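Asker: Chains as they are written, first to last, in the working numbering: chain A, 6 to 335; chain B, 6 to 335.
Calculated directly from the structure, the hints in this document are not laboratory data.
One should not assume that every hint holds.
No copy labels: a pair is met if it fits in one copy or bridges any two.
Derived lysine-lysine pairs resembling BS3-like cross-links, with alpha carbons at most 27 angstroms apart [as the list claims (entries may be wrong)]:
id, residue 1, residue 2
1, K296, K308
2, K285, K308
3, K296, K93
4, K93, K308
5, K285, K300
6, K197, K300
Remember, it's a predicted structure, so these values are computed and weren't measured experimentally.
Each chain, written out:
Protein chains: 2
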Amino acid sequence: MNAPSKKPLDLPSLAGEVRAGNRAALARAITLIESRRADHQASARALVQELLPQTGRAIRVGITGSPGVGKSTTIDELGMYLIAQGNKVAVLAVDPSSARTGGSILGDKTRMARLSAEPDAFIRPSPSSGTLGGVAAKTREAMLLCEAAGFDVVLVETVGIGQSETAVCDMTDFFLALMLPGAGDELQGIKKGLVELADMIAINKADGDNIARANLAAGEYRAALHILTPRSPHWQPPVVTYSAITGTGIAELWQSVLDHRTATTAPGEFDARRREQQVKWMWTMLEDRWKARLKSDPAIRAKVKSTEAAVAEGRVTPAIGADQIAELLA
Amino acid sequence: MNAPSKKPLDLPSLAGEVRAGNRAALARAITLIESRRADHQASARALVQELLPQTGRAIRVGITGSPGVGKSTTIDELGMYLIAQGNKVAVLAVDPSSARTGGSILGDKTRMARLSAEPDAFIRPSPSSGTLGGVAAKTREAMLLCEAAGFDVVLVETVGIGQSETAVCDMTDFFLALMLPGAGDELQGIKKGLVELADMIAINKADGDNIARANLAAGEYRAALHILTPRSPHWQPPVVTYSAITGTGIAELWQSVLDHRTATTAPGEFDARRREQQVKWMWTMLEDRWKARLKSDPAIRAKVKSTEAAVAEGRVTPAIGADQIAELLA
Numbered sequence: 006m007n008a009p010s011k012k013p014l015d016l017p018s019l020a021g022e023v024r025a026g027n028r029a030a031l032a033r034a035i036t037l038i039e040s041r042r043a044d045h046q047a048s049a050r051a052l053v054q055e056l057l058p059q060t061g062r063a064i065r066v067g068i069t070g071s072p073g074v075g076k077s078t079t080i081d082e083l084g085m086y087l088i089a090q091g092n093k094v095a096v097l098a099v100d101p102s103s104a105r106t107g108g109s110i111l112g113d114k115t116r117m118a119r120l121s122a123e124p125d126a127f128i129r130p131s132p133s134s135g136t137l138g139g140v141a142a143k144t145r146e147a148m149l150l151c152e153a154a155g156f157d158v159v160l161v162e163t164v165g166i167g168q169s170e171t172a173v174c175d176m177t178d179f180f181l182a183l184m185l186p187g188a189g190d191e192l193q194g195i196k197k198g199l200v201e202l203a204d205m206i207a208i209n210k211a212d213g214d215n216i217a218r219a220n221l222a223a224g225e226y227r228a229a230l231h232i233l234t235p236r237s238p239h240w241q242p243p244v245v246t247y248s249a250i251t252g253t254g255i256a257e258l259w260q261s262v263l264d265h266r267t268a269t270t271a272p273g274e275f276d277a278r279r280r281e282q283q284v285k286w287m288w289t290m291l292e293d294r295w296k297a298r299l300k301s302d303p304a305i306r307a308k309v310k311s312t313e314a315a316v317a318e319g320r321v322t323p324a325i326g327a328d329q330i331a332e333l334l335a
Numbered sequence: 006m007n008a009p010s011k012k013p014l015d016l017p018s019l020a021g022e023v024r025a026g027n028r029a030a031l032a033r034a035i036t037l038i039e040s041r042r043a044d045h046q047a048s049a050r051a052l053v054q055e056l057l058p059q060t061g062r063a064i065r066v067g068i069t070g071s072p073g074v075g076k077s078t079t080i081d082e083l084g085m086y087l088i089a090q091g092n093k094v095a096v097l098a099v100d101p102s103s104a105r106t107g108g109s110i111l112g113d114k115t116r117m118a119r120l121s122a123e124p125d126a127f128i129r130p131s132p133s134s135g136t137l138g139g140v141a142a143k144t145r146e147a148m149l150l151c152e153a154a155g156f157d158v159v160l161v162e163t164v165g166i167g168q169s170e171t172a173v174c175d176m177t178d179f180f181l182a183l184m185l186p187g188a189g190d191e192l193q194g195i196k197k198g199l200v201e202l203a204d205m206i207a208i209n210k211a212d213g214d215n216i217a218r219a220n221l222a223a224g225e226y227r228a229a230l231h232i233l234t235p236r237s238p239h240w241q242p243p244v245v246t247y248s249a250i251t252g253t254g255i256a257e258l259w260q261s262v263l264d265h266r267t268a269t270t271a272p273g274e275f276d277a278r279r280r281e282q283q284v285k286w287m288w289t290m291l292e293d294r295w296k297a298r299l300k301s302d303p304a305i306r307a308k309v310k311s312t313e314a315a316v317a318e319g320r321v322t323p324a325i326g327a328d329q330i331a332e333l334l335a
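Based on the provided sequences and hints, a complete structural model is requested.
Answerer: Dropping the structure here:
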């Protein structure tokens, strides 16, 4: 990792290098975004604003899947396919647990052996800054920098834990859920929250002896999704099968991503999703700051905890609890 | 509707009458909660706090369904069944559109002809106060007052629109989604958000010629739900059929509500859900107040709108937009 330079930061020059597609400069710019130093944060804000006109041109794809589903091999294979098609591919991640575990996803570049050796690929592990809100905010801005640097596909990987999937869905144009064919008759359950988010379900390991099983699983998932009203009137989430090992189905998988963009661009939905995402990012950042204020002072934090406990135990009504906390902020 | 009395409010006496199960006093107390007058709001807060020790004893059931599914006849039939079993039944509603439409759901008591004539039933239309947050907050407090008045079942009806289902799910122990058998082979789609919330799907109009169709629909919904991982490890949401007209299946439907309570009480999930709901209510109220501050001053409101537009159009980064709005509040 590139530590921010000790020299005074030359923002216009850094912005210029990012725009020119200099990967070392891009890595340095992302490190600046991830820094907690107040002066770095101010510079990072200015840098992203400076580069904003060059952002927005990539297609942004969120990818989720449980451990073992083959996310890294899928991204490796998909990334190589996209580069062969003439794209520049950035791979980012949102993993709020990485602060605890020391970087569980994308920490190890050997997980994407071929892609990490490609000059047209840029792989960056999840920022390891504690809260999901913080991690997601930094990944969003890293994504913008990658776009300014000329990457035209951004893949954002997440682990299938809690709210991290929602966070990644909220920063991407297309949200892809990877699944495995079940062992025997038993299907892997689709987490309910995921059904709401997924723009496509893709079943990996459709190779060798697994092909029939993968097709069977696809049919059942398809039947289940069919009963659900799609989120978009312009897109019924498909269920596809592929193999990250043999590459079978990868081209068709990507074609679905492009089909989704075509289908949602004409009615204005594609742009509307981005506009809404941007406004939602802003409000989320505001709320996070507001909550951070409540946590910064130990005395206030203690009072919030005791109020929460009184409300949870039914000793104080939520309305009066809200009064008490509002007074702390006044 | 009972307007708040012109006389100075005698809170201890009103609380006593509510505790004694006086329906007129209960209606007056709810009107107090719904009032926007600052002195009424302060009194309402004190009243709910005063009655808080007598709350929490009812079973709270949220009921959703699209128009035409037979929500009113279902609640009428279910309510009569519950009263025959010795219960006192309160029926409330969350309908944020009622301010616009003049009260679309539960505005008309004739919709529940038998139940509205029952001394052991209390029916209250949705508060008509504009925002969903405001409507939901008032209904939550009305629910607490009904419990203090001795009602041991609270049914909270909602229309299947946007976030109102989430709001009702967040104030109830059990969330019931009513559906219709499809016409012919075609199933009614389950809205994705609903799948995440529903503790049971119940298919109405399983009578006469419709029985086979209802059973077929139940089988398909069951297969679809089976593929989804349930929200609770202790409860797999069942799919049942019933007829609100003939009453067939109503007892079994209610038995599932009781089974859910039994299954989730022992592992502590039932109480945990309520505790979490209470704390979440508090934070929601705080956030609503905080946002109300941004809307109260026309100059601030205009600045927020222009910042939102700049962020949506990609002229300003979300981080800088958040800075600009935070400055307005400082």
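Asker: Please go over all the hints and tell whether each is borne out by the structure.
Answerer: Here is what the structure says about each hint:
no., hint, verdict
1, K296 to K308, "both (14 angstroms within a copy, 22 angstroms between copies)"
2, K285 to K308, "between (29 angstroms within a copy, 17 angstroms between copies)"
3, K296 to K93, "neither (38 angstroms within a copy, 41 angstroms between copies)"
4, K93 to K308, "neither (50 angstroms within a copy, 39 angstroms between copies)"
5, K285 to K300, "both (22 angstroms within a copy, 17 angstroms between copies)"
6, K197 to K300, "neither (32 angstroms within a copy, 35 angstroms between copies)"
The structure is inconsistent with the numbered hints 3, 4 and 6, although it conforms to all the rest.
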